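Chains as they are written, first to last, in the working numbering: chain L, 1 to 293; chain D, 1 to 293; chain F, 1 to 287; chain A, 1 to 287.
Rather than coming from a laboratory, the hints here were simulated on the basis of the structure. Since the model is a prediction, treat every value here as computed from it, not as a measurement. Even for Gly, the Cβ is constructed at its ideal location relative to N, Cα and C. Careful, some of the hints might be misleading.
[What the hints assert, rightly or not] Covered stretches of chain D (chain F as the covering partner; in silico rule of three or more C-beta atoms under 8 Å from a C-beta of chain F): (1) 10–24; (2) 29–36; (3) 65–71; (4) 273–281.
[Stated by the list, open to error] Which chain D residues stay away from chain A? Per the calculated CB distances, all over 12 Å, these: (5) Ala40; (6) Glu89; (7) His90; (8) Ala111; (9) Gly214; (10) Glu251; (11) Ala285; (12) Met292.
[Said to hold, decoys possible] Some chain L residues flagged as far from chain D (calculated, every beta-carbon gap over 10 Å): (13) Val6; (14) Glu12; (15) Asp35; (16) Gly83; (17) Gly86; (18) His90; (19) Pro93; (20) Pro99; (21) Thr109; (22) Gly120; (23) Glu123; (24) Thr150; (25) Glu151; (26) Lys165; (27) Arg226; (28) Val240.
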Amino acid sequence: MSASPVEFCGIELEHPIINGSGTFDANAARRVFGDELIAAANFPFSAFVSKTITPAPRPGNPPPRLWEEAAGMINSIGLPNKGIEGFLEHDLPGLGELPVPLIVSVMGTSAEEFTTLIEGVAERPEVDGLELNISCPNVHSGLIVGEQPTETLALLNAVRPLTGKPLIVKLTPNVADPVAIARAAEAAGADAVSLINTVKARAIAPGSSEPWLGAGSGGLSGPAVRVIAVKQVADVAEAVAIPVVGMGGVERGSDARDLLAAGATLVAVGTASFRDPLAGARIRAELAELAMS
Amino acid sequence: MSASPVEFCGIELEHPIINGSGTFDANAARRVFGDELIAAANFPFSAFVSKTITPAPRPGNPPPRLWEEAAGMINSIGLPNKGIEGFLEHDLPGLGELPVPLIVSVMGTSAEEFTTLIEGVAERPEVDGLELNISCPNVHSGLIVGEQPTETLALLNAVRPLTGKPLIVKLTPNVADPVAIARAAEAAGADAVSLINTVKARAIAPGSSEPWLGAGSGGLSGPAVRVIAVKQVADVAEAVAIPVVGMGGVERGSDARDLLAAGATLVAVGTASFRDPLAGARIRAELAELAMS
Amino acid sequence: MSGADGRVQAPLGRRRLTVSSNEPSGGYRILSALDEAGPAPAAGQFYMLAAESGWGGNAERPYLPRAFSVAEAEVTDKGLRLDFLLEDVGPGTHALAALEAGEGLMVTGPLGRPFSAPREINLDAAGAILVGGGLGLAPLAILRKALGERGVPLRTLLGFRDEAHSGGMELFRCCEVGLASEDGHAGHRGYVTDLLAAMLDGDQAASGVVYSCGPPAMLEAVRTMCAERGVACELALETPMACGFGACFGCAVPLAEGGYMRLCVDGPVVGGNQIETAMPAGSGHRG
Amino acid sequence: MSGADGRVQAPLGRRRLTVSSNEPSGGYRILSALDEAGPAPAAGQFYMLAAESGWGGNAERPYLPRAFSVAEAEVTDKGLRLDFLLEDVGPGTHALAALEAGEGLMVTGPLGRPFSAPREINLDAAGAILVGGGLGLAPLAILRKALGERGVPLRTLLGFRDEAHSGGMELFRCCEVGLASEDGHAGHRGYVTDLLAAMLDGDQAASGVVYSCGPPAMLEAVRTMCAERGVACELALETPMACGFGACFGCAVPLAEGGYMRLCVDGPVVGGNQIETAMPAGSGHRG
Ligand SMILES: Cc1cc2nc3c(=O)[nH]c(=O)nc-3n(C[C@H](O)[C@H](O)[C@H](O)COP(=O)(O)OP(=O)(O)OC[C@H]3O[C@@H](n4cnc5c(N)ncnc54)[C@H](O)[C@@H]3O)c2cc1C
Ligand SMILES: Cc1cc2nc3c(=O)[nH]c(=O)nc-3n(C[C@H](O)[C@H](O)[C@H](O)COP(=O)(O)OP(=O)(O)OC[C@H]3O[C@@H](n4cnc5c(N)ncnc54)[C@H](O)[C@@H]3O)c2cc1C
Ligand SMILES: Cc1cc2nc3c(=O)[nH]c(=O)nc-3n(C[C@H](O)[C@H](O)[C@H](O)COP(=O)(O)O)c2cc1C
Ligand SMILES: Cc1cc2nc3c(=O)[nH]c(=O)nc-3n(C[C@H](O)[C@H](O)[C@H](O)COP(=O)(O)O)c2cc1C
Ligand code: FES
Ligand code: FES
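With the rest of the complex left out, here is chain L (with noise of 0.2 Å):
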């Protein structure tokens, strides 16, 4: 429960917090502030998350994509990406120049589309592990895999030998038992699981009787669901031995010490980082003061 360094996985990182997948683009971001953010002392994470990637290019949901809570948000972003191809000529290069290691989030609709995103990126030298993407309530695909302990177990089945690389598996809370996926994915050899992926959520237009979303549902995060989080980290962490990775509502360093203490080897921010853009950095500082007091 410190803020020092950490192995994971066989990586060793700086300090445990990391990003939630598709909450920072680091190349946008970049290009906002500049090469002053890839300076290793000022990047806000230990090891980098990507957006979850597909086969296919995909352009995302219709707008409106954004709903505020008075603790968090609802999106229904859609999962817009390049697409491997696009992904590995624009997006990789980039993300090679971070001054942390490399995790390519990815999400298919079958074991196939698995198969060939694992292979066309597990294989890159930037490419340190791979986060598979079974829990975006967004996109119907994603549920299938991720509410079934015998499909997530036949996926990891076919996948796992296909690399050496880290497999973290990501899941779902909207699930009656979370840990009976976190149990099949250890079973079929994951290295790691992440939790919580948003929360199945809609908000109904202002002055109107249909849903604002362009999707009509998304997911929430941000501090609504941070002790959501803590319960289904806490009851992951107790039944299996591969490692996890915490997330929920993280905008403090006391909220990333709760998820340490539920068990949680690593901690992400997603949606503290849309209000500051150094939340990582800061969250981090202030588990490090608490690691001292």
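Using the hints provided, position chains D, F and A with the ligands relative to the given structure of chain L.
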């Protein structure tokens, strides 16, 4: 979507705002506020739902039972109650004096226990309907039925014949697919469903690595869960023909309107009453104002 | 309206008071507000308080209101003035401590069971000993006033940790009090319960009632001391509360006879014999 | 530092500015803050703003920061002063409108793509027409200043709904502007685009660039008008944003070529030919 009188399972209600079970003790509140509370013009709800009772008395969970979040709270109350006999003798007379219809919430760990409860309660003239709590996340047995469509179907099939009074099935949000549970309840003759109950959550004690709550975990309620409730209410209301009681994080008239827009017939106010004992009345007034604008 | 146990009923619902002053007092603050609609509370009752604005924000607590014993209730020409003694220990008390005169204070109350005396004791003859520490001065201040007006023979013993925790003394301006401080900055160096023990064991041994409010360890010492000597005592307890009016069942305090009471409706004042300990239970309170 | 398209890079992270003034202007407010660490922004760029305290509370929004075009950036002896023009339309703008001098304003920026000119156009010779309405005056004010200092021939047309929506005029104090108002309280009774049409169709037909910011319907009229006449135009758009720096993909605006751009990094200034319409899409905007 108005604040006008509404028919619910054959009961005429003055307006669509009721309370969530376990979040308002009308007898205790009458000791605090006096008979003013039960004047028809003052009572904040159009029907009163009593706190869940069980066949035998229960002391409830060890303290601490409460944890506060920025936009809500976790409770691990643990269904303290006097048992059915104590309820009928000590609580029901006072509840019978309320100026609104009475719905009694009951929870058993088996069809036999539910039978005891329903037989004991339903015949009483003070009682206008029953809510079957198959969702409380604080009591392990509560989840068994509410997580499985088949269990829900079996329970309802067993108890439906026991009474002609309305049976409302209260759903837990801690499942992948609340629609499946709602459909099972409807298929077996439930008159209505209500949702959401609290969302499983945990807090870590400040300055410690241990859970804060005496019972380890509890359920999140309040504004943090509002848009989770809107989503589940919308999905369920679209799938079933029986009326839906929507609840979860309702603090303002516009929150009630959103749940009505999502398909609810009634809206229940829970945690908001803790901050403001007359929150129900305020929300009803705000809803009326919105309906006119 | 007053209940059987002397409790004063609250106006229905929550109401907005206007803060009339908010002054430092030792390490604490005295927050005062004008309560035009409210009745005079009974000593030992409390109110649920929240700042009208600035309650939370930046996705931080507080969300729920906070419980505070009323320390004084004085009829002024502008209406009833309620005084609360508070210490800034977290986000709720911090927001209340920052309130300025003219700002809104949302209140529900008076709430809970006040101090009382067992039927078999004639307080006017037997007298009372008030034992307070730290923030526990609050309910004893209004109790002292009420008993004093009735002419009950009174002795007051107050204890402090150190100067930084010696606020609220002005609530006892009027009267003679016995003082103890752990650091010796005022009165007896040591615990206020040393003074109580001496009083109970000496020629002044009480046939009356001991009323106490303060930190759990102090209350527990008072409870044990009285129990051992067969002296009647009433303690004003604290526990986290969400609602204050019996709605949430969150304020459970274990009963000596087994089970729990809701401290907000069955307390906050309890008889020493109702509880097994005044120390809070549960892992949470280690922090 | 300046990017290829003239964008000025932001200092890394979020910083605290001190509000120097916050004054009403028509129905709007001009919020000014001193930015000691920040660079001078380019015209058309924006900042993400949040009040340091009082952002949310009572379990209400706002939670996220809000985007505002910079309206003026003036070097003073106390450092760079940033001016923002804002209208209180919801909880975020309400909290910003309530800020007082001396209070903290959390900012990230400057952000986004500024106004520019197509390579093939020599702006200094061909000149520019600025067409603004309502809050859209903000980015045009700083653009007018920048182009004016460069000596670009300028014509400015401003439109207002009515007096309650005529704030920000003092940002154009210096110069001659053509006015239109829907209620006729100032200048031409009607739309500002009537004036633009006359200008483009008359002897003053522009070989230069039209720069516009304002309500969607106005922007769409400008876009169509320019497209029909083959006149280059740049529009400063708005859409809800969570982050402002490309992190969330929430600010999607449909592209004419299909797909979406992230308005925070690929805008907010877009070429008229990049989009199919300036009207916001989606059910949400019916409200
Ligand atoms: C009947 C009664 C009378 C009282 N009278 C007075 C009085 O006269 N004067 C006075 O100053 N105080 C009084 N109190 C105590 C007062 O209510 C508390 O000090 C106050 O609630 C603290 O709130 P806070 O937000 O400042 O601190 P909190 O942060 O709420 O901290 C208070 C304690 O709660 C725990 N805690 C921390 N975080 C959380 C969380 N997220 N959720 C739940 N618990 C948490 C910790 O143990 C902490 O020490 C009284 C309490 C009761 C019940
Ligand atoms: C690049 C850019 C530049 C801008 N420049 C300026 C400027 O110079 N001056 C200025 O005044 N404004 C400017 N804006 C607009 C400004 O950011 C918005 O007015 C502001 O975000 C409104 O926030 P609010 O909380 O006050 O209102 P909100 O309540 O957020 O209302 C704004 C709109 O959002 C929708 N909405 C309502 N509730 C929600 C919810 N819960 N979640 C999501 N959407 C909701 C509604 O359609 C509503 O009309 C700019 C925006 C952008 C993107
Ligand atoms: C705007 C947004 C986009 C996201 N995109 C992805 C994604 O592409 N892949 C993924 O696995 N998770 C995605 N997430 C989920 C986050 O990684 C994280 O699991 C979740 O937001 C909870 O953490 P937080 O509360 O700190 O944001 C996204 C979340 C947000 C808010
Ligand atoms: C303190 C507390 C006690 C509760 N007790 C019960 C209960 O006994 N039976 C039940 O069905 N639901 C119970 N609930 C759930 C509420 O009825 C409601 O479903 C939930 O709190 C969501 O609504 P809210 O966000 O408005 O509080 C309880 C909730 C709280 C906060
Ligand atoms: S504080 Fe809610 S029941 Fe006592
Ligand atoms: S506002 Fe977040 S990507 Fe544009």
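The hints, checked one at a time:
1. 10–24: The restraint on the stretch 10–24 of chain D holds, since 3 of its residues have a Cβ under 8 Å from chain F and three suffice.
2. 29–36: holds (count 6)
3. 65–71: holds (count 6)
4. 273–281: With 7 residues close enough to chain F, the hint holds.
5. Ala40: The claim holds: Ala40 of chain D sits with its nearest Cβ about 30 Å from chain A, beyond 12 Å.
6. Glu89: holds, 39 Å
7. His90: The claim stands: His90 of chain D keeps its Cβ more than 12 Å from every Cβ of chain A (closest is about 35 Å).
8. Ala111: Since the minimum Cβ distance to chain A is about 40 Å, Ala111 of chain D lies beyond 12 Å and the statement holds.
9. Gly214: holds, 25 Å
10. Glu251: Non-interface label on Glu251 of chain D violated, nearest chain A Cβ at 6 Å vs cutoff 12 Å.
11. Ala285: Correct as stated: the minimum Cβ-Cβ distance to chain A is 18 Å, above 12 Å.
12. Met292: With a cut-off of 12 Å, Met292 of chain D remains clear of chain A, as the shortest Cβ separation is near 17 Å.
13. Val6: holds, 17 Å
14. Glu12: The claim holds: Glu12 of chain L sits with its nearest Cβ about 24 Å from chain D, beyond 10 Å.
15. Asp35: holds, 36 Å
16. Gly83: Consistent with the label, Gly83 of chain L stays out of reach of chain D, its closest Cβ about 29 Å off (over 10 Å).
17. Gly86: Given a closest Cβ separation of 32 Å, the condition holds.
18. His90: Given a closest Cβ separation of 34 Å, the condition holds.
19. Pro93: holds, 38 Å
20. Pro99: Given that every Cβ of chain D is farther than 10 Å from that of Pro99 of chain L, nearest at about 31 Å, it holds.
21. Thr109: Given that every Cβ of chain D is farther than 10 Å from that of Thr109 of chain L, nearest at about 18 Å, it holds.
22. Gly120: Label holds. Min Cβ-Cβ 31 Å, cutoff 10 Å.
23. Glu123: Holds: least Cβ distance 35 Å, greater than 10 Å.
24. Thr150: holds, 14 Å
25. Glu151: holds, 12 Å
26. Lys165: Since the minimum Cβ distance to chain D is about 30 Å, Lys165 of chain L lies beyond 10 Å and the statement holds.
27. Arg226: Given that some Cβ of chain D is not farther than 10 Å from that of Arg226 of chain L, nearest at about 7 Å, it is violated.
28. Val240: Holds: least Cβ distance 17 Å, greater than 10 Å.
Taken one by one, the earlier hints fail for this structure at numbers 10, 27, listed in ascending order.
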